[in-house]
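S.K.: Here the structure of chain A is known, so what remains is to put chain B in place on it, guided by the hints.
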Amino acid sequence: MSNTMEKVFKGGSFLIEDIEAADMFTPEDFTEEHLMIAKTTEDYVLKEVVPQLDKLEDHQFDVSVDLLKKAGDLGLLGVDVPEEYGGLGLDKISSSLITEKFARARGFSISHGAHVGIGSLPIVLFGNEDQKQRYLPDLASGARLAAYALTEPGSGSDALGAKTTAKLNAEGTHYVLNGEKQWITNSAFADVFVVYAKVDGEHFSAFIVERNYKGVSTGPEEKKMGIKSSSTRTLILEDVHVPKENLLGEIGRGHVIAFNILNIGRYKLAIGCMGGAKRSIEVSAKYANERQQFKKSIGSFPLIQEKLANMASQTYAAESSVYRTAGLFESRLGQLSEEEQKDGLQIGKSIAEYAIECSLNKFFASEVLAYVADEAVQIHGGYGFMSEYEVEGAYRDARIHRIFEGTNEINRLLVPGTLVRKAMKGELPLVEKATALQNELMMMMPQEIGTEALDQEKYLVSMAKKVILMVAGLVVQKYGQKLENEQEVLANLADMISELYAMESTVLRTEKAFNRTGAERHTQKLLMTEVFCQEAFNRIEAHAKESIIAVEEGDTLRMMLSALRKLTRHTPINVIKKKREIATVVLEEERYVL
Amino acid sequence: MNLFVILKRTFDTEEKISIANGAIAHDSAEYIINPYDEYAIEEAITLRDTHGGEVTVVTVGTEESEKELRTALAMGADKAVLIDAEELDHSDQFTTAAILATYFKEQEFDLILGGNVAIDNGTGQVGPRLAELLDIPQVTTITKLEINGTDVKIERDVEGDVEKIETSLPLLVTAQQGLNEPRYPSLPGIMKAKKKPLETLELDDLDIDEDDVEAKTKTIEVYLPAKKEAGKILSGELNDQVKELVSLLRSEAKVI
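Residue numbers (full-length UniProt numbering), protein chains in the order written: chain A, 1 to 594; chain B, 1 to 256.
Just so you know, the hints here were simulated from the structure itself, not pulled from any lab data.
Careful, some of the hints might be misleading.
As the list claims (entries may be wrong) - List time: in silico DMTMM-like cross-link candidates among lysine to aspartate or glutamate, alpha-carbon distance up to 25 Å: (1) K228(B) x E282(A); (2) K70(A) x E42(B); (3) K132(A) x D73(A); (4) K195(B) x E484(A); (5) K194(B) x D43(A); (6) K192(B) x D43(A); (7) K16(B) x D73(A); (8) K67(B) x E87(B); (9) K39(A) x E221(B); (10) K223(A) x E171(A); (11) K105(B) x D84(B); (12) K79(B) x D73(A); (13) K195(B) x E63(B); (14) K195(B) x D455(A); (15) K566(A) x D455(A); (16) K105(B) x E54(B); (17) K433(A) x E484(A); (18) K214(A) x D200(A); (19) K70(A) x E84(A); (20) K55(A) x E181(B); (21) K218(B) x E86(B); (22) K132(A) x D43(A); (23) K144(B) x E155(B); (24) K192(B) x E54(B); (25) K39(A) x D73(A); (26) K39(A) x E64(B); (27) K16(B) x D191(A); (28) K192(B) x D200(A); (29) K67(B) x D43(A); (30) K227(B) x E588(A); (31) K194(B) x E338(A); (32) K16(B) x E520(A); (33) K228(B) x E252(B); (34) K295(A) x E252(B); (35) K478(A) x D455(A); (36) K232(B) x E520(A); (37) K39(A) x E42(B); (38) K164(B) x E146(B).
So here's chain B without its partners, still in its complex pose:
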């Protein structure tokens, strides 16, 4: 089976976000594989171990993303592809999906797995867009996956409920928490990863013209959430407190 995982390099979940010159400061940040993409990698490796085949991890990023690709190889993926898009000044979900679609049109694939959402921008769009562009079925936020020949049985998380779906390969799925427990790269895995193939493609190699993948959106402003103010403790008769609370909710919090 030809298994592909699309992954993204994101900020470490522990990172404190700061804004400098109207953009998120990247200077000393630690990076990780987007945690939802880790579920996708784990699932792909398990599927390969059961059904045979090969796992290729793909990212659209810069040279720095090699580190996350290596980590995926150390977990057990077989091959990695870095599509270097450093030359693009602006990119959005359209850009990423368009680049990936161009790449995948040249590949033989049975299943593409991705995370349900990336923890940085949190749009959850790249997977669904890619499936549309490739004209294949897609199932998002999956929590269980069973493959039998080309038949696929899936359970997906629908806001806490479970939806059961049957579909067939080729297919794109995005992983939700609960799909599996991603492994850590073992030390032998880390040492082996050094020798696994990691291919870098420039946009030119894919015959992509920068204009064709130009971002469809423009970021107007980036700002941090307002600082949480200290809470208020009301006092006095219970009835008065309730009245005050209602009036504050109306006038200050403006929620009713």
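For reference, chain A alone in the conformation it holds in the complex:
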């Protein structure tokens, strides 16, 4: 069903290569089936879940279980499970769309996501034949529900510091697990847990642990700030005898599973954030039209319009980025032969290829949601602070997304870290490109920017790539091995790369839409692209400047700053005017409009 892009791109290559609009997946490429799947999910969420939200928020988890089983009846739990194990084996675009539509279900979307994502995927991707046959049909139908247990009280971001142990018993039949896992989503009702433990206190490994094994228990329900509809408890393991057939993957290779599941979790989380942002725009636009002050709707005030336009443009950037990434996964995983698809190592490699993109999406989209939910409350004024208004919950629910699946700080550091590693391994010719740029800078002449739609934005994208290469080259040269101590500069680099990825995603998406159905049908896309690119470029420039100043001094500093000025020279667009235009359409249709 997928109409995936033919070309397969290397992870991180967007930084140094230009891609054609036709080679990037966009939401305008959804097939009829994709849209029908989205509609079914939307209908299910609106008609089945939303009426139960109060009960779900009140921790009535029997309702969660019922709803998950209903989702299973519709096929909404089996999308990532191959057909031979009772699933549907659909493409990554379908599962992404389902994730997006589930966002409306608030914390229940986390229950769903934990089951189909981090709960089931370790077995889908890394289980052996016997494990797949024993578990996947039930997980795909909802007969059994899954959870994922990685975090411990003492090990969060430092996952490999886990203290839970596993020891083979004397008979050699069972691993005996001891330890405590913390903040386990779905723990109130999950039947199957993927648990990480160190064999002999040393070799980090994954196990499939069933709830009814003796010695498995859960702690009390945590009291959380948001996503209250999801269950969060500790998982206590006391001399739990796990059959040795339930070792997932190889001993000592648990990190391959853990990190790759995290990668997938990250881009899926980004999709959920974008879905949530769209909903907040809708609610806020409706409110802005209804609420009268000074005998006018507050939506008629430019400062409210500015907020709605910012919310829409940033959501457009997030949407374009996450579906681009889903497309990358789909083309790489779709390219694997059937044999390779059963090989955990191959799968791991394919996922790890886009670790950079996963991290970028994770922190970008979660921060877009944070901004959008915050402004949604602001547009509602005092009413937004009251629990009976939807945005109050959206605001609380949004907060966790900057923390789980790797904090945004960890994800920022991962981006330059992975890039440097790829460069060192020769996977990406970053050093060569940076050197070439240095020579180019010496004789660079100001470029004439075209006047057609998107010309300026394309120019800004190409210049952003150069700015990033320049700064990256500078800090690598300066700090070498000690680079990892310079977290502020590294985070600046990650931010610049993130802005670039999002900018390029909006430009190529808008261009692809133009090429397909003509520019006049896509004025809103163009406006949002222009506004986002202008502001993102301004931020890139600021980050670059701060970084250069932190690294250089004296004449070299002045020289570098002048090079930056050359690279960033352009006539900025009037974003205020364009934002009013964007907001007019959002207010007219009372939703996020493309």
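M.R.: Just chain B, lined up with the frame of chain A:
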């Protein structure tokens, strides 16, 4: 049993209607299966599952209506037929019913189901007209349907009251809210729908001459309802307020 459902592609209920050049603007609208037709589809699928047979969904529309037909197939219908009437400049309920009648005269059918009314033009005429043209019994706004052989027991909604009717196949019924709870297409259903037959017929294929189905009505003007004005709050002595209210109802609202 040969079950047929006639369905219409309509605006999504959430759509805001706007007028451009004297007609409703269709540009960026989202479309759905007319919600009343969904009851008909659901009923047909349930009947098929109990009595056996086949469900065919039929629409008169354009290429775009394929999407709604696919949705019906994904819900569980077996076959779909699109009668492409794009070449017609103007059409009305007469046109649609005449085209459908021509189609149905070549089909073997036991039961034709439709929605009681489409949420766009809201005439509720196509079903009854079609039954007349086919010379079969019809029962509109049904809320319950039981089939035993060729005997049919029906409950229909009559402005809030229930009327019980007995009739027999072949028959045409139109569905009212309350008949059933339409299912959503499941994901396996959606994937299967791709492989189900969807036949497109041109008017030529049915030997229909455009003149024979020419619309009997002409649309003179299309306009939106007047904008709702802000309410008035009367003040003063209660007796005066009542007097003022009566006079306003007479002079301004002109309802008494």
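S.K.: Run every hint past the structure and note whether it holds.
M.R.: Now for the hints, and whether the structure bears them out:
Distance check on the hinted pair: K228(B) and E282(A) sit about 23 Å apart at the alpha-carbon level, within 25 Å; holds. This hinted pair checks out: K70(A) and E42(B) have alpha carbons roughly 18 Å apart, not beyond 25 Å. As the CA atoms of K132(A) and D73(A) are separated by approximately 20 Å, the hinted pair is consistent with the 25 Å bound. A C-alpha spacing of about 55 Å is found between K195(B) and E484(A), which places the hinted pair above 25 Å, so the restraint is violated.
With a C-alpha separation of about 21 Å, the suggested pair K194(B) and D43(A) falls inside the 25 Å cut-off, and the hint holds. At roughly 19 Å between alpha-carbon atoms, K192(B) and D43(A) fall within 25 Å of each other, so this suggested pair holds. With a C-alpha separation of about 33 Å, the suggested pair K16(B) and D73(A) falls outside the 25 Å cut-off, and the hint is violated. Taken as a hint, the K67(B) and E87(B) pair is honoured in the structure, with Cα atoms around 19 Å apart against an allowance of 25 Å.
A distance of roughly 35 Å separates the Cα atoms of K39(A) and E221(B); the hinted pair therefore is violated under the 25 Å criterion. Restraint check for K223(A) and E171(A): not satisfied, since their Cα atoms lie roughly 42 Å apart, outside the 25 Å limit. At roughly 18 Å between alpha-carbon atoms, K105(B) and D84(B) fall within 25 Å of each other, so this suggested pair holds. Straight-line distance between C-alpha atoms of K79(B) and D73(A) comes to about 23 Å, which keeps the hinted pair within the 25 Å bound.
Between the alpha carbons of K195(B) and E63(B) the distance comes to roughly 18 Å, so the proposed pair stays at or under 25 Å and holds. Straight-line distance between C-alpha atoms of K195(B) and D455(A) comes to about 43 Å, which puts the hinted pair past the 25 Å bound. Taking the CA atoms of K566(A) and D455(A), the gap is near 18 Å; set against the 25 Å cutoff, the hint holds. Between K105(B) and E54(B) the CA atoms are separated by roughly 18 Å; this keeps the pair inside 25 Å, and the hint holds.
Pair hint K433(A) plus E484(A) holds up; C-alpha atoms about 22 Å apart against a cutoff of 25 Å. For the suggested pair K214(A) and D200(A), the alpha carbons sit about 21 Å apart, so the restraint of at most 25 Å is met. Restraint check for K70(A) and E84(A): the C-alpha separation of about 21 Å stays at or below 25 Å, so the hint holds. Annotation: proposed proximity of K55(A) to E181(B) holds, straight-line Cα distance about 23 Å (limit 25 Å).
With a CA separation close to 18 Å, the supplied pair K218(B) and E86(B) stays within the 25 Å bound. For the hint linking K132(A) to D43(A), the alpha-carbon distance of about 30 Å lies beyond 25 Å, and the restraint is violated. Proposed proximity of K144(B) and E155(B) is supported: the alpha carbons are some 5 Å apart, at most 25 Å. Among the hinted pairs, K192(B) with E54(B) is consistent with the structure: their alpha-carbon atoms are about 16 Å apart, no more than 25 Å.
Between K39(A) and D73(A) the CA atoms are separated by roughly 16 Å; this keeps the pair inside 25 Å, and the hint holds. Pair hint K39(A) plus E64(B) holds up; C-alpha atoms about 17 Å apart against a cutoff of 25 Å. Taking the CA atoms of K16(B) and D191(A), the gap is about 46 Å. The hint is violated against a cut of 25 Å. Proximity of K192(B) to D200(A) is assessed by CA-CA distance (about 50 Å); at most 25 Å being required, the pair is judged violated.
Pair hint K67(B) plus D43(A) holds up; C-alpha atoms about 17 Å apart against a cutoff of 25 Å. In summary, the hint linking K227(B) to E588(A) is supported, as the alpha carbons are separated by about 15 Å, within the 25 Å threshold. For the proposed pair K194(B) and E338(A), the alpha carbon gap of about 23 Å is at most 25 Å, so the pair holds. Proposed proximity of K16(B) and E520(A) is supported: the alpha carbons are some 21 Å apart, at most 25 Å.
Proximity of K228(B) to E252(B) is assessed by CA-CA distance (about 14 Å); at most 25 Å being required, the pair is judged to hold. A C-alpha spacing of about 24 Å is found between K295(A) and E252(B), which places the hinted pair at or below 25 Å, so the restraint holds. About 35 Å separates the Cα atoms of K478(A) and D455(A), which puts this hinted pair outside 25 Å; it is violated. For a cut-off of 25 Å, the pair hint linking K232(B) to E520(A) is broken: about 44 Å separates their Cα positions.
The suggested pairing of K39(A) with E42(B) holds, with an alpha-carbon distance near 17 Å, which does not exceed 25 Å. At most 25 Å may separate the alpha-carbon atoms for a hinted pair to count; K164(B) and E146(B) meet this at roughly 11 Å.
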